[in-house]
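Enquirer: Sequence:
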Amino acid sequence: MIFVRDEVGRLVPLHRSDDPEQWREQVEADGPIVTRVEPDPFLPAGVCDPATGKGMISTGSSSAPFIMARLIEAMELEAGMRILEIGTGTGYNAAVLARLVGTGNVISVEIDPVAAALAREALNSVGLPVKVVAGNGEAGYPPGAPFERIIATASAHTVPYAWVRQVRPGGLIVVPLAPTVHPDWPLAALRVRDDGTAQGRCVGPSPFMPLRAQRASARSVQDAEERWEAAGRPEPTRYGITVSPGGQRIWLDSSGNPIG
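Going from the sequence shown to the numbering used here is simple: count from 1 and add 817.
It should be emphasised that the hints constitute simulated quantities derived from the structure, not laboratory data.
Check before you lean on any hint, since a few could be wrong.
[Said to hold, decoys possible] Below 16 Å or equal to it, Euclidean Cα-Cα: the simulated EDC-like pairs (lysine to aspartate or glutamate) are: (1) LYS948 x GLU938; (2) LYS871 x ASP929; (3) LYS948 x ASP929; (4) LYS871 x GLU893; (5) LYS871 x ASP847; (6) LYS871 x GLU824.
Keep in mind it's a predicted model, so treat the numbers as computed, not measured.
Could you build all of it, start to finish, from the sequences and the hints given here?
Expert: What follows is the structure in structure tokens.
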């Protein structure tokens, strides 16, 4: 089941069996697909109706294929690399990764156990038995470490240091940053260093749903936009990030110019 906008913009369920042609049109388009909705927490409970879409908001999606391609390109993959994916979703991205580096080299963590089970089933059905684990991706997956690459398909305003610990020196962490960093949701590619830190620059916009525990408040997003305006509206590629055991620093142009 996926969710599509009706004539008034509400998210309503669409089952493949109900309208195979519309369903196929939606899933084959180069755009995001809404896969999960929840009642808007700012509305009274009695107002929301999943059947009609009234008061429902998107809380899960399969990102547009061109956005996924941007993340995969930033990973600089080679066959045989061990990869940890944070956020399995439908399993689409895990399937692409498995084709590129080998099924046995990909582990994917999904916080929603139902979504994890569905993705595992879908991957197995196409001959790609990727290891899908139900759990909190912010903790990474210590039993499978170390990895050469970690990719997050959910945005973060704080990159968990657990990810840095689980990547070999020289490896990469590719993660979309939340609009609390830059209003264009920049994608960061961080190289893990021998000293136990990770550092890298942003490579362009990549909007993604946030990590479950890192949903930003409207106030924090507004504050970030005001800082961006005050700095002269710099392009996302001028931003960088350093992650260490003590936390993270956002910087502009060079690591010696921290801004957050």
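Enquirer: Hints numbered earlier in the text: which of these fail when held up against the supplied structure?
Expert: 2, 4, 5
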